[in-house]
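Chemist: Listed below are the residues making up each chain.
Protein chains: 2
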Amino acid sequence: MIGIFDSGVGGMTVARAIEQLCPEYPLTYFGDIARTPYGSKSPGTIKKYAINNTRFLLEQGAELIVIACNSAASTALSTLKNSYSVPILDVINPAVNQAAVISKNGKIGVIGTRATIKSGIYEQGISRQRAQYQVFSQPCPLLVPLVEEGWLKKRETKMILRRYLHPLRSRQIDTLVLGCTHYPLLKPLIVPRIGRRVHLIDSSVEVAHAVLSFLNTHTDLAEKLYNPGKESRFFVSDLTETAGHLAAHIFGRPITLEKVNV
Amino acid sequence: MIGIFDSGVGGMTVARAIEQLCPEYPLTYFGDIARTPYGSKSPGTIKKYAINNTRFLLEQGAELIVIACNSAASTALSTLKNSYSVPILDVINPAVNQAAVISKNGKIGVIGTRATIKSGIYEQGISRQRAQYQVFSQPCPLLVPLVEEGWLKKRETKMILRRYLHPLRSRQIDTLVLGCTHYPLLKPLIVPRIGRRVHLIDSSVEVAHAVLSFLNTHTDLAEKLYNPGKESRFFVSDLTETAGHLAAHIFGRPITLEKVNV
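Residue numbers (the numbering used here), protein chains in the order written: chain A, 1 to 262; chain B, 1 to 262.
Heads up, a few of these hints could be off.
Heads up, the list lumps identical chains together, so a pair's fine if it works in one copy or across two of them.
[What the hints assert, rightly or not] Under the rule of at most 27 Å between Cα atoms (straight-line distance), these lysine-lysine pairs were calculated in the BS3-like manner: (1) Lys-48 with Lys-259; (2) Lys-47 with Lys-187; (3) Lys-118 with Lys-259; (4) Lys-81 with Lys-47; (5) Lys-230 with Lys-187; (6) Lys-48 with Lys-118; (7) Lys-48 with Lys-104; (8) Lys-107 with Lys-154; (9) Lys-187 with Lys-158; (10) Lys-224 with Lys-153; (11) Lys-81 with Lys-187; (12) Lys-104 with Lys-187.
If you are wondering where the hints come from, they were derived from the structure by calculation, not from laboratory data.
I would like the entire structure built from these sequences, with the hints used as guidance.
Modeler: This is the structure:
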């Protein structure tokens, strides 16, 4: 099946998007809640965790890996591609491609964790496709804790978002990449603060489209992975109440989280 | 020497307080930044990490262990005491004792991480000493990320604090236990919001007094640990910029963090 990993529960927005686009392909999800978050940690530590997670998914029988965590993808994608022969899709490149196509004025904003922004991966990806485009990046380290607390409508969250988005707004970006899988849950708060004319690129949706198009162009693998009767499974390295609530919120139904030691 | 561990850098407020009270006793600090934070994780996971950390400090030659992390102390203290013969002091009991002595009206507030508050350890400790006292607890999960971001004076931090402290204030507590090692850094913001007449119990300061009194009553061990020439060492499981800044802020001088794999 398709294996997906994330630093925690946020990557379930990716799993949910893939499920909606490719419902006949069962998923095995792994969320590294015992070590979450990744976004505030060093590249070396994130790489180590990404390798552990990939190994776990391969042991479960994954034949296609999706890195659903921006922090992991931005620091560990090339390490993983060099270490494993299985195809690996990530949450960043599809969003980069979409941003490069969508932007008209060539001013693109990116928000993400500290690790993702520091990696410079979005700037590099976009400038490889559109050398003249300008990319303005903003680390937003408090958004993940706010989402995990379920503070999706609180005044404090709105204020913090305004503070983070202000520098991007003043640059008159026309496209904003949501470079963290938690951020789609904040869309209703982001839209009025960045401006309704700014296109939001949801990396979760874009990677789901990338998975679909990969399956369409790799029919041998697609046939192997096709299994409409089989249910997706959700593994986590730690079981917490908050995680259960957030998973149910993302999927709109209760999700059984299975604890494993990795 | 004296070994201290914490989930990250917050426990350095404890190390700093011990250093000031017992400057002749070198410390070996371990901050588990690669797995931080503990406060949002499950008791089983926190116990596993606490055992790892203790083992590391014993390997370094620690002969007295201080659990500087409230989340770890509240869930793993008895496990550690049952597993190791070395004396173990923790950040909770000294604060409990002080709160029981200081409170006049018998209404005590406790703030901490989700794990600490859920453990009920402060209520149990205080009611063991003063059965008639009332303890009102409030989990404050966003305070650690706010402190780690250095948002010590921001308006959003003040608003979030007001939201967290309001239920305690309306109970007319006369004593508030800062049940997380990050919180002393927020004292200037907490005082006006909880009310200037409320006594704040700083668990970092209280555990330092407990260490001093332990050394005074265990002279054989104290003699072994006495080593005024030796510098304290600070080990971490991950090296990040934020950690370096926070450590320097807490100690008021640059601190060399040494990365180790545990």
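Chemist: Work down the list of hints and note, for each, if the structure agrees.
Modeler: Hint check results:
1. Taking the shortest Cα distances, Lys-48 and Lys-259 sit within 27 Å of each other both inside one copy (20 Å) and across copies (15 Å).
2. For a Cα distance limit of 27 Å, the shortest separation of Lys-47 from Lys-187 qualifies neither inside one copy, at 29 Å, nor across copies, at 37 Å.
3. For the identical chains of this complex, Lys-118 and Lys-259 are inter-copy neighbours only, at 20 Å across copies versus 31 Å inside a copy, given an alpha-carbon limit of 27 Å.
4. For a Cα distance limit of 27 Å, the shortest separation of Lys-81 from Lys-47 inside one copy, 12 Å, qualifies, whereas the shortest one across copies, 35 Å, does not.
5. With identical chains, the CA atoms of Lys-230 and Lys-187 are never at most 27 Å apart, being 32 Å at best within one copy and 54 Å at best between copies.
6. Taking identical chains as interchangeable, the C-alpha atoms of Lys-48 and Lys-118 lie at most 27 Å apart only when both belong to the same chain, with a minimum of 18 Å there against 31 Å between chains.
7. In this assembly of identical chains, the alpha carbons of Lys-48 and Lys-104 never lie at most 27 Å apart, being 39 Å within a copy and 52 Å across copies at closest.
8. In this assembly of identical chains, Lys-107 and Lys-154 lie within 27 Å of each other by CA distance neither inside one copy nor across copies; the values are 30 Å within and 29 Å between.
9. Taking the shortest Cα distances, Lys-187 and Lys-158 sit within 27 Å of each other both inside one copy (11 Å) and across copies (25 Å).
10. Within a single copy, Lys-224 and Lys-153 get their C-alpha atoms no closer than 43 Å, and across copies no closer than 56 Å, so neither meets the 27 Å cut-off.
11. Proximity of Lys-81 and Lys-187 under a CA criterion of 27 Å is satisfied in neither setting, with 32 Å inside one chain copy and 48 Å between copies.
12. When the C-alpha separation of Lys-104 and Lys-187 is checked against a cutoff of 27 Å, the pair qualifies only within one copy, where the shortest distance is 21 Å, while the shortest distance between copies is 48 Å.
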